Structure formats: structure tokens, C-alpha cells
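Asker: With the hints as extra help, turn the sequences into a complete structure.
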Amino acid sequence: MQRSLEQALDRAEDVIESAQHRPPKRKYSSSGEKSLHQKLYDIYVEECEKEPEGTEELRSNVNLLEKLVRRESLPCLVVNLYPGNKGYSLMLEDKSGFFSETIQLPYGEGELLEYLDAEELPPILLDVLEKSQLNIFHCGCVIAEIRDYRQCSDMEPSTYQSRHILLRPTMQTLACDIESMTSDDLQWTQEDKLALESELLLATAEPLCLDPSVAVTCTANRLLYNKQKMNTNPMKRCLKRYSWSSLNRQQELSQHQSPPDASLLTACKKEEERKADLKQDLRMPPVGYCVDMWKERCSDLAIPPQVDVEEYAKVKESLGSDDPQATVWPDPE
1 MQRSLEQALD RAEDVIESAQ HRPPKRKYSS SGEKSLHQKL YDIYVEECEK EPEGTEELRS
61 NVNLLEKLVR RESLPCLVVN LYPGNKGYSL MLEDKSGFFS ETIQLPYGEG ELLEYLDAEE
121 LPPILLDVLE KSQLNIFHCG CVIAEIRDYR QCSDMEPSTY QSRHILLRPT MQTLACDIES
181 MTSDDLQWTQ EDKLALESEL LLATAEPLCL DPSVAVTCTA NRLLYNKQKM NTNPMKRCLK
241 RYSWSSLNRQ QELSQHQSPP DASLLTACKK EEERKADLKQ DLRMPPVGYC VDMWKERCSD
301 LAIPPQVDVE EYAKVKESLG SDDPQATVWP DPE
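In UniProt numbering, the protein residues as written are 1 to 333.
Derived by calculation from the structure, the hints in this document are not laboratory data.
Remember, it's a predicted structure, so these values are computed and weren't measured experimentally.
Backbone N, C-alpha and C define an ideal beta-carbon position, used for all residues, glycine too.
Mixed in with the good hints, there may be bad ones.
[Claimed, not checked] Taking CB as the label site, the calculated pair distances span:
1) Glu-111 x Lys-227: 16 to 26 Å
2) Ala-220 x Gln-187: 35 to 45 Å
3) Phe-137 x Lys-193: 17 to 27 Å
4) Ser-162 x Asp-211: 29 to 39 Å
5) Asn-221 x Pro-83: 31 to 41 Å
6) Glu-33 x Ala-195: 17 to 27 Å
[Said to hold, decoys possible] DSBU-like, lysine-lysine: derived pairs with alpha carbons at most 30 Å apart:
7) Lys-131 x Lys-193
8) Lys-34 x Lys-50
9) Lys-34 x Lys-227
10) Lys-131 x Lys-95
11) Lys-25 x Lys-39
Answerer: Quick look at the structure:
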């Protein structure tokens, strides 16, 4: 078993290395337009055939989405990341080529950023994207351009770092699409909705590999690891400490100095003093002398000369021998 797993891992490394240097060309049918994934694969094959420039460590078969957008001028969803407390915003392009800002949010509301980080299409943006003047969908996916202004200087506010990501649809977005498409006046049956859902899944799903080889799983795991090696939960928690929202919160707390009595050390000392004051002496005081623990003062209580016992005592009848509830003790042997 161990030997088979090692062979599968070696096979996965060979497949990845071969795909990075000598990818096989695919044959497509002449009828119909190429899909987005087919175009990206063709660009990948073209870049792999180019001679490396300078050193062999430089690879040209990367940033395929940027090259496709530049080649065909595809419309994109623009996400602006501003420095400081300005937050981030979303922009869409109109038919005249101008961008209009549709949504602006602070970094504290990071639900959209989590979808972008996972490269998934946010369901809350479907209505905004469908109302766009340009068709921004490509095979069910949306190309997003991330413009990062956080690293630019104040002298050049128009400069930014740009990269493109592909937002893929999820089951939640497909369910929203089916609900919006079947909300017209026509009477949609449950069978019609299921047929529509199957067609959408076939049109948007990626190619399915049915090879039972272990090397296929090892190859997929290796590619996923190389893609998300810096996107783990511990790494996210470490980076979140230095995010803009966290830094802004720390800056706001530093501006409002807390009073000296509110420090943790003072609070702990007060708690210890309070517990020490609550300690009570459980020893019996001498007759005629007691201490009022509330006011911490002595009080002398005089002993009454006589006590009327009959006034405070209660008479309780004893059980008779004929009582069935009486306890019968056995005779000692």
C-alpha cells in the first residue's frame, strides 16, 4: 500500500511537470464558439510554446486571465481596495466605457471579500450584475479585476496594483438564477424546474474526471495545495491582525485612554479586597457579646432574667401503640 501511494505521488509530480512545460493540444469542434475555459487553455498552450526569456525560472504561462481580458477586451467587475478607513467599492462599466461606482462598504463588512477570496460568485450581487448595461457573464462566470490602492503613495493616488480572478457560480447562485427565471407569469411545474436546473449544471460545470487512478487524486490535491498554501485558517487569523479594520480599531482604542481605575491590575486588586472583606469568623462569640458584621461595631446584648417556655413551646402528641404508622422495633435476641 505504501509503495503504491509513493508511485501515485511520483506520477502526480510527473503529470504536473509535463503539463507546465509540454501541455497537449486539444481538438475542438468547428461548430460553435469556444468557451472561456477553452480560450484560457489555448493561451496556456501558446505561452508554454514560447522560449523562456532570460533565466529558466521565469514562466510565461501565468496570468492567463489578464492576457485574455487584454486580448479580447472583456467586461469585468472592478473591485477597488482603498487605504485607511475608505473601505472598498464595486464598479461596473457602461456602454460608453465609463465606470460607475455601485456599492461602497467599509472593511468591517467583509462578506463580499470572503467570496472574492474563495473565487466564488456572491449571490447578493446577482441582481446588480444582471442590471448591468454590458453582459458581464462568461459561461456563468464573472471576471473581477482587483485594484489595490493600499500600496500606493499619497503623491500618486491614481496608481494601483491590478490582478484578475474568475468568480465561479455555486449551488446557491444557481438556485437564485432558477428562482428568478421561473418567477414570471408562466406556470412552471416541478419537472420543468428540475430540467432547467440540469441544463444549467451541464452548462456551468467543469469537466468531470472519472479516472479511478489514485494519481489523479494526488494531482488534484497537489494543485489545490499549491494554489491555497497561503490561504489556510491559521494564516488568515495571523493576517487578520494586520488588516485595515483591525488596525483602525486599535487606533480608535488608543485615542480613547481608559481611566487608571479601569486597568486590569486595579480590578484584580479590588476583587481580592472584596473577597477578603467577605470572610467571616465562624467561631462562636462568648455569651453576652456579639459583633454586628454589617456595621463592624460591638453590641452588648443583655440576657433576660427569665424565659416563658410555655409561650414559645408547642405540644406534640405522641404516637400510640394502636397507631398503624407507629414504628415497631424488633425484640433483641
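Asker: Hint by hint, say whether it matches the structure.
Answerer: Quick rundown of the hints versus the structure:
1. Glu-111 x Lys-227: 16 to 26 Å: holds, 22 Å
2. Ala-220 x Gln-187: 35 to 45 Å: holds, 43 Å
3. Phe-137 x Lys-193: 17 to 27 Å: At roughly 21 Å between Cβ atoms, Lys-193 and Phe-137 fall inside 17 to 27 Å, so the hint holds.
4. Ser-162 x Asp-211: 29 to 39 Å: For Ser-162 and Asp-211 the Cβ distance comes to about 37 Å; the hint holds.
5. Asn-221 x Pro-83: 31 to 41 Å: holds, 37 Å
6. Glu-33 x Ala-195: 17 to 27 Å: holds, 24 Å
7. Lys-131 x Lys-193: Measuring from Cα to Cα gives roughly 23 Å; hence the hint holds.
8. Lys-34 x Lys-50: holds, 23 Å
9. Lys-34 x Lys-227: holds, 26 Å
10. Lys-131 x Lys-95: holds, 13 Å
11. Lys-25 x Lys-39: holds, 12 Å
The structure meets every hint from the earlier list without exception.
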